[in-house]
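Given only the sequences and the hints, what does the whole structure look like? Please build it.
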Amino acid sequence: MDRWTVLVTSVGTPIAHGILKGLREMNEDVTIIGIESRAVTAGNKFCDRVYQVPRFTKDKEGYFKHLNDIIEKENIDALFSSHPPEIYLYEDYSKRLSIPFALPSSPHYSRLRNKEASYQWLLDNGMEKYVPRY
1 MDRWTVLVTS VGTPIAHGIL KGLREMNEDV TIIGIESRAV TAGNKFCDRV
51 YQVPRFTKDK EGYFKHLNDI IEKENIDALF SSHPPEIYLY EDYSKRLSIP
101 FALPSSPHYS RLRNKEASYQ WLLDNGMEKY VPRY
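Residue numbers (this note's numbering): 1 to 134.
It is possible that part of the hints are untrue.
[As the list claims (entries may be wrong)] Think about it this way: if two alpha-carbon atoms lie no more than 35 angstroms apart in a straight line, the pair counts; the simulated DSBU-like pairs of lysine-lysine are: (1) K58 to K115; (2) K73 to K58; (3) K60 to K45.
[As the list claims (entries may be wrong)] Label-pair ranges, simulated between beta-carbon atoms: (4) L122 to D2: 43 to 49 angstroms; (5) N125 to G62: 20 to 26 angstroms; (6) K45 to P100: 23 to 29 angstroms; (7) S94 to R49: 45 to 51 angstroms; (8) N68 to R133: 44 to 50 angstroms; (9) A42 to L123: 34 to 40 angstroms; (10) D2 to L97: 27 to 33 angstroms; (11) A42 to P84: 14 to 20 angstroms; (12) N44 to H108: 30 to 36 angstroms; (13) V131 to M26: 32 to 38 angstroms.
Hints listed in this document are in silico derivations from the structure and should not be mistaken for laboratory results.
Every residue, glycine too, gets a C-beta built ideally from N, C-alpha and C.
In structure tokens, the structure reads:
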């Protein structure tokens with residue numbers, strides 16, 4: 001199998017740690033490039049290289065410029081987004097990326113990001129036992 005290079009976003013987040021660990025455990029022929037708005041995070045140690053990029057919430061244009069520069073420089077094969085708010089960013093700007101990227105796909109995704117809406121949906125669909133009681 002050829003070596004492949006992946007980019008993982010927001011490597012300082014708990015979701016990224018799971019992605020990074022899974023990539024390391026499943027395939028030794030992978031180069032992991034991380035990006036993060038902070039210079040040092042716990043996720044850095046799982047990456048072969050880490051780039052500091054601007055926060056997408058403050059500078060979308062700068063974020064995408066850095067992202068595409070890294071994709072080109074590192075010959076990235078695929079991107080794993082690991083920060084939930086980025087999901088909406090990539091949906092809005094998917095035409096700016098020249099590589100495949102992993103995102104959750106579900107008609108329930110927006111509802112699942114809202115606990116109250118999730119609980120109401122469970123109640124409306126006869127799943128009361130899954131709604132926590134405090």
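Evaluation of the provided hints:
Restraint check for K58 and K115: the C-alpha separation of about 26 angstroms stays at or below 35 angstroms, so the hint holds. Distance restraint check for K73 and K58: the Cα-Cα separation of roughly 24 angstroms lies within the 35 angstroms cut-off, and the hinted pair is therefore satisfied. Restraint check for K60 and K45: satisfied, since their Cα atoms lie roughly 26 angstroms apart, inside the 35 angstroms limit. As the Cβ distance of L122 to D2 is approximately 45 angstroms, the hint placing it in 43 to 49 angstroms holds.
Taking the beta carbon of each, N125 and G62 are about 43 angstroms apart, not inside 20 to 26 angstroms as hinted. The hinted range of 23 to 29 angstroms is satisfied by K45 and P100, whose Cβ atoms lie roughly 26 angstroms apart. About 25 angstroms separates the C-beta atoms of S94 and R49, a value inconsistent with the hinted range of 45 to 51 angstroms. For N68 and R133, the Cβ-Cβ distance of about 48 angstroms falls inside the hinted range of 44 to 50 angstroms, so the restraint holds.
Judged by the Cβ atoms, the range 34 to 40 angstroms given for A42 and L123 holds: they are separated by roughly 38 angstroms. A hinted range of 27 to 33 angstroms for the beta carbons of D2 and L97 is inconsistent with their spacing of about 21 angstroms. Checked against the hint of 14 to 20 angstroms, the C-beta distance between A42 and P84 comes to roughly 18 angstroms, which is consistent with it. Distance hint for N44 and H108: a CB-CB separation of about 33 angstroms, consistent with the stated range 30 to 36 angstroms.
In this structure the supplied range 32 to 38 angstroms holds for V131 paired with M26, their Cβ-Cβ distance being about 35 angstroms.
Of the numbered hints listed earlier, those contradicted by the structure are 5, 7 and 10.
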